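Work out the full structure: start from the sequences and follow the hints.
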Amino acid sequence: MIRTVLLAGRAGLHLRAASRIADAASALPTQVTVRTLDRRPVPADSVLSLLGLGALCGTELILEAYGDGAAESLDRLAELFAVDPDAVGA
Amino acid sequence: MPDLLKGLGASSGAATGPAYRLGDPPRLPRPRAVTDVDGELARAFAAMDAVRDDIGRRAAAATDSTTAEILRGQANLAADRTLRDGVAVVIRDGLEAPHAVAAVLAEHRAALLAVGGLLAARAADLDDLRDRIVAWCLGLPMPAMPAPGRPYVLIAVDLAPADVALLDLSQVLAVVTSAGSFVSHTAILARARGLPTVVACGGALDIADGTVITVDGTTGRVTSGSVPPAPAVTAPTDNGDPRGSTADGHRIALLANIGGAAELAGACVEGVGLFRTELLFQHHVDPPGLDEQVTAYEQVFAAMPGRRVVVRTFDAGSDKPLPFLSAGDEPNPALGIRGLRVVRRRAEILGTQIAAIAAAARSSQARVEVMAPMVTTVAEAAQFAALCRDAGLATVGVMIEVPAAAVRAAQILGAVDFLSIGTNDLSQYAFAADRRSGELADLLDPWQPALLSLVALCAAAGSAAGRPVGVCGEAAADPAFAVVLAGLGVTSLSMTPAAVPPVRAALAAYTLEEARMAAQQALAATDPAAARAAVSRF
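Respectively, the protein sequence lines represent chains R and F.
Position 71 (the first sequence) corresponds to 71 in the UniProt record's numbering; numbering is contiguous.
Position 500 (the second sequence) corresponds to 500 in the UniProt record's numbering; numbering is contiguous.
Derived from the structure by calculation, the hints contain no laboratory data.
Quantities reported herein were computed from a predicted structural model and do not represent experimental measurements.
Among the clues, some could well be false.
[Unchecked claim] Partial pick of chain F residues on the chain R-facing surface, computed with a CB cut under 8 Å:
{"hint": "1", "residue": "E69"}
{"hint": "2", "residue": "R72"}
{"hint": "3", "residue": "G73"}
{"hint": "4", "residue": "N76"}
{"hint": "5", "residue": "T82"}
{"hint": "6", "residue": "L83"}
{"hint": "7", "residue": "L119"}
{"hint": "8", "residue": "L523"}
From the three backbone atoms N, C-alpha and C, an ideal C-beta is built for every residue, glycine too.
Quick look at the structure:
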């Protein structure tokens, strides 16, 4: 199952943002991978790998997960990528 | 040491005290053959867990949310799954635990440097993790902070976020590092803690322990001996005069970039230089109605009675799509229907917005001005100005983001009252480099001399016409760059409100003539590094 999302964070996928996402991903029942159009998929629960994507604001991210709970896991992470952690009130 | 060293001011404020240098972290010993692979795996994982727990404890003890969140990120990195997997592979290939951790982190470090931009500044975070994990593996302590028994200035190659968070501010008066950058986590935490800090200060490591030095975290100057700092430099107060000016009293308006009224809470600014209206409606599927917009704008205007508020009309673009403005059918949205160009398809959306701004302005005390994004030609500027003036909005400007508009700035100023330069998009279009492309981050550096030339062109046109030319890109938040912009003839700088105090202090440290000389040196430079260096030498 695949989900596409545009990164909303205006400062890109920086350490704090990646850390929040990895925390959420490691609590999910399914393994989720993330890739950009030009890079290989990496596990969403690794901060180091997420940083290495070099995703900037508006970068298209492709999330993948399979098996039971895949849809819910993708929903949860897609939601986090679509929120700007530096927006007021975020 | 020489009488004067120059670095980059990373956290404003000044302090004088004896310098003491932080020791070096443990070095890797000569590698040996691995006989017990399981033992090495256990040693590596135990070290990573211990470092994660140590930094996690510091995060839990942090008193401000910025510090806590950065430290939690560091703790996550220490026991990262990809790092663990990589280390396991390398240990099975025959490396000892500390060497394996260093080798895997070096790979990721290189990847971050290749991405460039903000992430390249995170390479230092990985270096610190390597040092901590290696030290734990070797059973050695990390270097302790100096303890001279009196307040001192801390000198180091670089400081880890985990160190800055724990510094005893009753003992550490200021920090000077030979490496680092304005956007390093160290600098961010130093600003959060109000600790005067100078980074990228060559020669800092040659300062002998005990030498009394004066550190100016605004100008980046490190002076030998005790120097009474100029009052303007030490007092970037947020309680007093919000106005910005050079040391000799030449006014540079300091304004805020906001997306709504909430961001103005506690801000000490002369007004709003960029009100991004689209942020209020980014989740709307249909265009917001007149009344809804009037109410939203009134809230911002009410926060700025008697002050200037520049409202930018909707700017839906490739990097910030708005459901109700999205063109959706473009092969290359950055070069498509965005900014003011939306009027070609949906004129009624702009008409409603201008009517709403005018209505909100009539019932408020703020000095409301309006400007359009992504204006390319004089005809577009004139058309926009006519729409606004017909609605009763007297002061109309346009943003300069397209090089075609920058080179015709003088003619555009014949149609409108002011210009506001958006440095991010102007870079993207002038350098033919997608602003989201990490690989091209060097081309998007605001210190690129060609970008400075375009800014200079606009500023000269404004000066000739006697009309204001501002900069509202985040580049204006870099204090050294702000001085250059002032020297180029820019009349206002608009930035995130938190960035205003250090910029105000930086401007106050230079006379207009000095800023002009700094700007000329930056313009004459051959590349961004030389432009930066020219100014820091100044």
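Structure-inconsistent hints, enumerated in ascending order: 8
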